[in-house]
Structures are given as structure tokens and as C-alpha cells.
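> Okay, here's what each chain looks like letter by letter:
There are 2 protein chains.
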Amino acid sequence: MSYIGIRHIFWTVIPSVRQHFGFGAKCNVVLYDFSAEPGNNELSVREGETVTVTNQNIGGGWIEAQNSRGEVGLVPEDYLEVSPVLASPSNSRVPPPPLCPSPSQQTSNGGGDPWSAWNTDATGGASNNWASKPEGTQTGRSAAPDPWGAQSHPQAYQGPGAEEDEWDDEWDDVKSSGYAESESGEGGAFQRGGAQGTAMKISLNKFPGFSKSGPELYLLAKQLVKGSQKLSIYMGEVGPVWSYPDNQLDCVVADPKKGSKMYGLKSYIEYQVTPNTTNRPVNHRYKHFDWLYERLLDKLGSAIPIPSLPDKQVTGRFEEEFIKMRMERLQGWMTRMCRHPVVSSSEVFQLFLTYKDEKDWKTGKRKAEKDETVGVMIFATIEPEAPDLDPIEVEQKCDQFSRFTKAMDDGVKEILTVGQEHWKRCTGPLPKEYQRIGKAFQNLSSVFNSSGYQGEATLTDAMTAAGKTYEEIALMVAEQPRKDLHFLMETNNEYKGLLGCFPDTLAVHKAGIEKVKEGDKLVATSKITPQEKVTMAKRVSTMSYTLQAEMNHFHSNRIYDYNRVMQLYLEEQAKFYETVTTCLSLSHFFSLSLSLSSALSLLPPLVSNPLF
Amino acid sequence: MSYIGIRHIFWTVIPSVRQHFGFGAKCNVVLYDFSAEPGNNELSVREGETVTVTNQNIGGGWIEAQNSRGEVGLVPEDYLEVSPVLASPSNSRVPPPPLCPSPSQQTSNGGGDPWSAWNTDATGGASNNWASKPEGTQTGRSAAPDPWGAQSHPQAYQGPGAEEDEWDDEWDDVKSSGYAESESGEGGAFQRGGAQGTAMKISLNKFPGFSKSGPELYLLAKQLVKGSQKLSIYMGEVGPVWSYPDNQLDCVVADPKKGSKMYGLKSYIEYQVTPNTTNRPVNHRYKHFDWLYERLLDKLGSAIPIPSLPDKQVTGRFEEEFIKMRMERLQGWMTRMCRHPVVSSSEVFQLFLTYKDEKDWKTGKRKAEKDETVGVMIFATIEPEAPDLDPIEVEQKCDQFSRFTKAMDDGVKEILTVGQEHWKRCTGPLPKEYQRIGKAFQNLSSVFNSSGYQGEATLTDAMTAAGKTYEEIALMVAEQPRKDLHFLMETNNEYKGLLGCFPDTLAVHKAGIEKVKEGDKLVATSKITPQEKVTMAKRVSTMSYTLQAEMNHFHSNRIYDYNRVMQLYLEEQAKFYETVTTCLSLSHFFSLSLSLSSALSLLPPLVSNPLF
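Protein sequence lines correspond, in order, to chains F and V. Here the UniProt record's numbering is used: the first sequence runs in plain steps of one and ends on residue 612. Here the UniProt record's numbering is used: the second sequence runs in plain steps of one and ends on residue 612.
Just chain F, same shape as in the assembly (with noise of 0.2 Å):
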């Protein structure tokens, strides 16, 4: 077990200790003013107050500190400056982007959603792959108490679920493996730190030679790999298409369990996931699925984009939250990775969805581990029945990928902005304001019927009716973005993950193009053969095809995704009017009319006024 290892599990466990260490977790400074939501056991603090850290395994990015008057309460870590002790985990493998909300954007932030800090992301992470313009979307808390959206908190989840996933003995196990100098990379890692939305990182250094020659190490390799499996593509009706299973794999991802290990001072979730083909369930923890995800992305990453698996960054101030939300997650990306004919039938994904005991699974990640069809060799694997393309052909069709893959990932940031915007407005001023209008109807409604005079209560009964229907209208509003724009967003979310890898896949493709182009010049200057030349193009070819299988398969995906979630989303819609019709139409007023006249029996029918 290294030393980090145990450092780590002695500051989370035995807090109490901290203090006899030069680490200073006694002088966390406030970073900004927080100010505490009654009743939800938090800690008001200013910028510059120090305060003692008392526990920092809450979860849900807070953490519990006492001020200087012995008050104790929660803080968002995120508001406290990072002492060596609540550094350690972020200087290690995983460091969570920073998600302190600037004093001007915590003003900003709106009621709980939980794309805040996905979009963060966005600008962040998928800005170095697309040059995209910032979004200016915000991450923080609402600074105002919200009704409708304080209890969701869209705070970096740190809890111990996660962190102590990273530092347990097995990871050790794996360090010891060839895979260990992969975790080490920063830049891998923090790519990896990043939402959904960060883009699927193929570290270069992964590919012996690759960072050297790119696709040659394929382009140019004497022989292919022999033995292992083929991918074949054949030409469907829109082009060059994967061989789909006949029948497709899925999968369920359900009932999350806590477990715990070195006698209880370390505990983990595990979730059980059952695919439809054993019926059988497995357990992994979310380090299972991120080791398969590096699997698949050594594997498979330079041909097929591999969405990076639901990070840490989910919303979730409890952890019941944070894990319902990351098992949601969790099961959009295995679904998704089961629809995928090359992933879902590779032998590593498999062995994920199937591993018989103990021994197998360890057995079969060696055996993972040890793979050397990674990287572009997958090429070498792939076989299209079609015939070789012209070098030309294989550029445009690179490049219209590449506008469009561009265009789409525009399209989608677009729709979580406002979305992001819609869910803030939905959450927070507009029921709220329904809520003062239902209230001034009962108000005014209670002032009549101190009145005395008779007749009133034909009127006031209907008022303070139609003041409960608003404050029930306020209610429906508040709730209806968890049932329709969740999935929109959940659903976009996905897809700038997805369009997020697209830029690295094009890349390595457009290497290979650029080596073609530059083929007579290395025969002349005889760096290579013109046999090697005419492979390089045929090599070109197939990874042209490969590309084209992958789009026909995005397209086809995206189009099903899309029409189940506008649908689902539109069918909610509407069936939230409809039910806000009902509740105004059932309003006592629409048989008033006739109780009117009897209220007003005393007095010769009134002429109307024409306003109206």
C-alpha cells in the first residue's frame, strides 16, 4: 500500500489527528462570504475568517468547520481556501476542477440544476478541443435561500464514495501493472477530472511510438496483427456500416450498495449491473467502470469515440442524491456502450458485463491490462468489404464529419444555456410569483369576508379558491422541470460528451491523411518504399471506412435519442398545461354567474361595464 494510500486514509478517518502535523487544517480561510439556510445545519462564514475543519467526509462538495466562536455547522468546501489536507486528494490522481463560484456568479446562480457545473466544463474542458467561444455560464450556489432549488446544491461531489475509490489497495494492484505512468500523466488526469462534457483524452505516451509517428505505427507497420478478432464493415443502405449483433446487448444498472472494507474504516458503493444476455448481475464500483472506460479508450479510442464516464462533478448535496444521480449516469453511458456492435462485443467489456467470480475478473484484467492491440493498431483489426477509396474522397469525408461533428456541438451548448436559464427561471422567480399572486387572492379574499355583509361568501369562498390554485400552480411549475427538460438536458449532456471526443478520433485520421499526401516525397527522399506507399493509401482507406461506420452509427443513434427525448419532452409539456387548465376550469368562479344575482338580490341588476 503506498504512502499516499495510507496518508490518505488516516486523514480521512482520524481527523482528530490532523493538528499534530505541520498540514495546518486548523487555518482554513474563507475564500467568500456564505451565508446559511436555516435548518439545513450550515455555518455562516465571511471572506477572510479562518475556521477549523472538524470534518471533511460530508460530501456533496461541504464540509463541516468551526468558526471562531465555537459555532459548528457546513461550509461548501468550495469556499474555503485548500489547506494541504484537503489538498492531498486533488494533488493525486483525480484533481476536481475548480468549481468556486466567483462572488459576481453566485448572485447569478438560480435555483439547484444540475447542469452548472457540467457547462463550467464545457468552457473549460471541451474548449480545448473545439475553439468554442465561452458560453459564460455560471457554477455556485444561489446566494439567495430558494424555496425550489436549495435543496440541490450544484457543488463538486467529493465524498467518500469517491474519493476513498481512488486510493484503495487496488489501485495499488493496478499501479503495479504496465498500466501505472498512464494514471500519472496531470494532463490525462485532470482531462479525465472533467465532466461528461470534457472531451475523451487518448494520451499520446499511451501508444509506444505513436506520439513520435501517429497512425504510421499502423500505416506503416510491416505486418498486422495476426489472430485476434476482425471488425468487418459492410455497405449498409447510408454507406459503410459496423456489423451489428442480431441481437442487442443492454444492460441494467440498479441497487447501489454500500460497502466497506479495513475493518469498516473505509466504505464504497457498489452497483449491481445486469446484462440482458446472462441475466446475471455483477457488482463494480465506480473505479471498475472507470478502468473500463481507460480500457476501451486504450483499445478503442484512436477509431471510436468514447464518452468519458459520468465524473464526479454531479450534483447531489446528500450522497442518496449523488448517488441516484451518478447511477442515472452510470447507466446512460453502458446503455450507450452497449449499443456500440465493436464495444459491446469486445472481449474487455465482456469480461465487465460477465466476469463469473473473483478470480476471473482479476484474471481477465491482467489479461486487458496486457493487450497490445491498442491505440491505432485497432485499424489493423478492421476489415471493409468495399472497395479502396481515393485519398481525396477519404479528406471530404474527414472534413464534412468534422463541420458537422463542430456544428452539432454549437447546437448543443446552446440548448443546455438556455436550458440551464429555463430550469433557473422554472425553479425559482416564477412559482414563487404565482405564490404571491395565490396569496394576494386569499389575502384580499380574507379582508372580504371581515366585511359583515351578506352574500360575501359566494365571492370569497371563489377568491381564496382560484389564491390556491396559484400556489398550487407555483407548486407544478416548481416540479415540472424534473419531468421534462432533465432528460433534454441529461440527453444534450450526453451528446456534448460525445461530440467532445470527436476532434481527437478526426485527428489521427487527418495525420493519416497528411502522411498520404506526403507519400512520393518519402518514397523520393526514400523514407519509405512505394509498396509501403500504396499500403499507407489502402491503410487510409479502411480508416476512412471505419470513420464513416462510426458516423453512420452516431447518426443513426442520434436520431433515435433525439426523437425519444423532443417527444418525451413535448408530451410532458403538454401534459402540464392540460393539467394547469384543469386546475384554473375546476376554479368555483365559472359557476358564479347565478350566485351573483343572489348576492346582489338587493339591488336593481347592474349595468356591466363595457371594459369588460
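For the record, the hints were derived by calculation from the structure and aren't laboratory data. One or more of the hints may lead you astray.
Identical chains share a label here; the pair holds if one copy fits it or two copies do between them.
Unchecked claim - Simulated pairs of lysine-lysine, DSS-like, Cα-Cα distance not exceeding 30 Å:
#1 Lys483 with Lys468
#2 Lys230 with Lys439
#3 Lys432 with Lys575
#4 Lys432 with Lys266
#5 Lys483 with Lys521
#6 Lys439 with Lys575
#7 Lys575 with Lys483
#8 Lys510 with Lys370
#9 Lys432 with Lys222
#10 Lys397 with Lys222
#11 Lys356 with Lys527
#12 Lys397 with Lys439
#13 Lys406 with Lys439
#14 Lys222 with Lys527
#15 Lys510 with Lys575
#16 Lys468 with Lys432
#17 Lys527 with Lys510
#18 Lys521 with Lys367
#19 Lys432 with Lys483
#20 Lys432 with Lys406
#21 Lys439 with Lys510
#22 Lys222 with Lys287
With the hints as your guide, set chain V onto chain F.
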């Protein structure tokens, strides 16, 4: 024709001549930044900049100005430092309440809502009468151009139609009568200048002796006015009520026409007023309504709350808009007056509605202005059928009504405040957001169209349709307030005005009660005879019956009006939500489940994401 009259016309008509006088129209300093809205002939100005007023008769609170660069355009009059020229009308009879938005207010103001002006007045005017806490309602114009609110600005209207009314020769006619002094009182004038929301103003000095002895004039009158028509109060189911006519009087205010006099130098608006009794239309200008208001106030004000006329502070950047709004509110005022048995049967009101010709009108005016039975003496014409009341009971009634009207005033203002904010949201940010959602869907849809993938249309047609639907919803949302909230606001605003009259009416009663209380002392000090003390108690009981009849009239009308407007509001709201439901239900997506499978025909059926 008075000097003021001349000067005003002079400035109004021949602005070019202004420079010759040292009034400094040339150097109007800009008080606030104002950014022009494109296409509205507006002129952007910066705080501190000086501009030349080139035309102050634009109306709607706008003036034409030229900046140092020679650019000419419209600027809100309130944004300019008031120069002597601009000040001249304000220094005279009706100074418009200051509507200059403070910089902080500007930002918080949304799409043009007609009530910001009212509410300003509410805090200013009405708080003279109730000790009501400021409502913090804002006036001013939206700093950011707003596609839904741009046409109407909550600026004070001081267009020619309004101003010149005050200053034509006929006012001098009026002044030549004994009516002048009531006009000169700045206090009274300011009250009058206020919105409908302002309290009815009983200028005490109008009642000879009143200011000295208040209701004693009536309580101690040796003998009561002879021969004048008697007003009887009988006991109805609900207590004392006025005797109501068999046929309810009503009238229609319509067909505003622009007239002009003085060789076309001065223009005015004439409204056609048609009573349901004669069905013969008579023409009246705003100042005639104003004159009628003054007469009713003098004659009945002590016993009956006479709501102020809709004043000049109505929205309407363009003259047509202003005229329409004023007519709508004059109609509302007349309808309310017609509904009141005492007002509608009064000689002056009948004259107003049914005069035969100019001569008939002028004679009637003179007579009305010479009427002696004004102020508290109106009580002398009231004959309750019921027995005298015990002074304690009188006081209780008075206090009860005082509490009720105060409470209702608060309730009404609450509705006006929240309604105003709701109006801004519904005409501003909300529809903008729906529009952006619509645009985002359409943008993504057009990106999808560029994929060149077959079966794309099934998705994109539906997505584009959905996008268009949300743009339609945006328009519907922005239009809705004019269909429902408008009437809710107008009614509550009318009642705010009416309620503002009660403190004065109740004050007269309280004064009477106090007088009776000190009856014994007065007798002891032989200021009055024992007989007079008995008479006072008797007459205070008459005042109390009057108040009760008035309150019962108020209650029955209130129930009627609020039933109507609440019913209308809820019906329109239900219609709105129903329409949106229909729009959404027509979405192409509901027929997509099938077309989807065809779009994916080339793939095996995909397993749906369990998320959905």
C-alpha cells in the same frame, strides 16, 4: 385670456421663437443615460450631456431634442433637466408627478406596464391618506430594449391634447366665476394631478365655515336647506341603503374626435357620451369631465366618496394609445358614477349627460357652480326612514368601516404590486426565453439537416415544428397580460382610487362624532343650548345612516366587480393554457414512434435508455 394662457400657447406653438427669450431652452442638461431603441426615432443621450429641445409637443412624455453632433431624435422628457420652458406647464395648475426613473429603478423596470405610473402615485398620493408603508413599486422605462414592452412607456403623458385642455379660454371663463380659487390651491391641484389612485380631495376652504367648524355647519344649522330634492335612505336586507332607481342609468363613452380652435393653433379631444335614458349623444372634453368631478366633489364629497378622474398619468407613447386608455378609464369612471343612485340622480350629472345645446350647457354650468348646498350641507337633504342611532353605535360603525377600507386598500395594493411584476415578467424575460428555446430547437434541427443522413427529415421536420411552436408560445405569453391581467389591474386600480376617498369621508364623520361627544361640555359652557345638543345627536345619526348606505353600496358593487373580473381573469387564463396545450399536442413528434423505426430500418431495434 390670462398671461399664463398666452405664454403657454406661445411656447407650445412657436418653439422656434424660444431662443429669443432667456429661458435657456438651448441648454437642457441630460439627467440620465438614455439609449435609443432602433427604429423609434429616439436619440441616445448621456448623463451630463446638453441638448437643444427642438420640439416639446411630441406627447407621451417625449420631446424632440438635438445633440451637439446635430443629431435629432426623441428623448424622454423626464430624462432632461427641466428648463424654464419645459417647467412652465408644471409651475401652473397641474404639475405632473415626477416620473424620472432613478438609475436603480430603470433596470428593474420591465416591458411597458400601464401601472408603474399609478403605483408611484399610490405611494406618493395615497399615503397622504393612509399611513401605508411604501410599496417600492417602480416607474421609469426599461433600460434594455424589450421587443414586447417597447411600444408603451410608463411616462407621464403631457401631449397637446392634455396640456392645452388646461389653458384654453374656457378656463378663464371658469376662473371668472367663483370657482377660481379652488383651482389655484397648489395642494388641491397636486392631489388632482395624481392618479386615480389619489384620494378624493375635499379642499376644506371650499366650504364656507367648514375649515373653522367642520360638520358643525350642518350639525348646528339653525334651519336646513329648503326645497332642495331629498335623498331618502331606507332599511334593506343588509341595513341602510339608498333608494335605487328602477332603471339603472348607464352611458357609453366613445368615438373620440380631435377638434381644434384658435385657427387650428390649439387642438383637443372630444368624447361622445351617450346615456341609455335619452340615447342622444353629447360631446365632452376631458376638462368637462374634470369640471363635473369638481362639482360632484363639492356637492356630495362629504357624504359620498367621489373617485378622482383618470388623470393624465396614463401610459401611451403615441397619442392614439393615450386617447384609447383615457377613454377606457373615463368610461369606467362614468359607469361607476351612473351606478350610484345619488350621483346619477343629481342635477349636475343629469345636465352633463343630457344638455340640449351650448346655451343649455353654459346656463347649467353657471347654476351648478352657484349651488349653495355643498360640503356637509348635503346631509341636510338626507332623510333616513329609520330611528335615530345611539352615538356609541355611530362611532362603532365608523371605526368598523375605517378598518375595512384600510385593510382592503392594503390587499388591493398587494395585488397591484405583484400584478405589475407579473406583467413585466410575462411581457419581458419569459417570452424571450421561450423564443430562445424555439430558436435553439430550430438551430439544432438545421444542423441535423446538414448531416446528409437518410431518414433525417422525420426528426428535423418535427424538431423545426417544435421550435416554431415555442416561438408561438412566446408571442402568446407576451400577449396574454392584455387579455386578462389588464382588467384585473384596471379594476383593482379603480378600487384603489375609490378606497383613497374614504379617509376624507370618514374624517367628516369622525369630526361630527367628536363634536357630539363634547356636547355636554358645550352646553355647560353654554356654547350650545341643550336643544342643539339633541339636534346634533340626531343629525350625526343621519350622517351615520348615510355612511352605512354608502358602505352597503360599496360592498354590493365590490362583490359584483370582483366576481366579474376574477371570473374573466381565470377564464382567460384557462383559455391561454388550453391553447398552449393544443399547440404542443399538434407537435409532429406524437406521430413519430413509427417513422422512427423506418429511419433506423438499417439497424437492429435499439434498446431504449432506461432513463426514459
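> Each hint: holds or not?
Here is how each hint holds up against the structure:
In this homomeric assembly, Lys483 and Lys468 come within 30 Å of each other (Cα to Cα) both inside a single copy, at 23 Å, and across copies, at 22 Å. Taking the shortest alpha-carbon separations for Lys230 and Lys439, neither the intra-copy value of 69 Å nor the inter-copy value of 45 Å comes in at or below 30 Å. For the homomeric pair Lys432 and Lys575, the shortest alpha-carbon distances inside one copy (21 Å) and between copies (23 Å) are both at most 30 Å. For the homomeric pair Lys432 and Lys266, neither the shortest alpha-carbon distance inside one copy (43 Å) nor that between copies (50 Å) is at most 30 Å.
Taking the shortest Cα distances, Lys483 and Lys521 never come within 30 Å of each other, neither inside one copy (60 Å) nor across copies (75 Å). In the homo-oligomer, the alpha carbons of Lys439 and Lys575 lie at most 30 Å apart both inside one protomer (25 Å) and across protomers (22 Å), since each shortest distance falls under that limit. When the C-alpha separation of Lys575 and Lys483 is checked against a cutoff of 30 Å, the pair qualifies both within a copy, at 10 Å, and between copies, at 24 Å. In this assembly of identical chains, Lys510 and Lys370 lie within 30 Å of each other by CA distance solely inside one copy; the values are 28 Å within and 99 Å between copies.
Taking the closest pair of Cα atoms, Lys432 and Lys222 never come within 30 Å of each other, the shortest separation being 70 Å inside a single copy and 61 Å across copies. For the homomeric pair Lys397 and Lys222, the shortest alpha-carbon distance inside one copy (27 Å) is at most 30 Å, but the shortest distance between copies (108 Å) is not. Proximity of Lys356 and Lys527 under a CA criterion of 30 Å is satisfied in neither setting, with 50 Å inside one chain copy and 113 Å between copies. For the identical chains of this complex, Lys397 and Lys439 are inter-copy neighbours only, at 29 Å across copies versus 61 Å inside a copy, given an alpha-carbon limit of 30 Å.
For the homomeric pair Lys406 and Lys439, the shortest alpha-carbon distance between copies (18 Å) is at most 30 Å, but the shortest distance inside one copy (49 Å) is not. In this assembly of identical chains, the alpha carbons of Lys222 and Lys527 lie at most 30 Å apart only when taken from the same copy (14 Å versus 130 Å across copies). Proximity of Lys510 and Lys575 under a CA criterion of 30 Å is satisfied in neither setting, with 48 Å inside one chain copy and 57 Å between copies. Taking identical chains as interchangeable, the C-alpha atoms of Lys468 and Lys432 lie at most 30 Å apart whether they share a chain (14 Å) or sit on different chains (28 Å).
In this homomeric assembly, Lys527 and Lys510 come within 30 Å of each other (Cα to Cα) only inside a single copy, at 20 Å, whereas the closest approach across copies is 112 Å. Proximity of Lys521 to Lys367 under the C-alpha cut-off of 30 Å is found in neither arrangement, the shortest distances being 41 Å within a copy and 113 Å between copies. In the homo-oligomer, the alpha carbons of Lys432 and Lys483 lie at most 30 Å apart both inside one protomer (19 Å) and across protomers (22 Å), since each shortest distance falls under that limit. In this assembly of identical chains, the alpha carbons of Lys432 and Lys406 lie at most 30 Å apart only when taken from different copies (26 Å versus 39 Å within one copy).
Taking CA atoms no more than 30 Å apart as the test, Lys439 paired with Lys510 passes in neither setting, with 63 Å inside one copy and 33 Å between copies. Taking identical chains as interchangeable, the C-alpha atoms of Lys222 and Lys287 are never at most 30 Å apart, the minima being 37 Å within one chain and 102 Å between chains.
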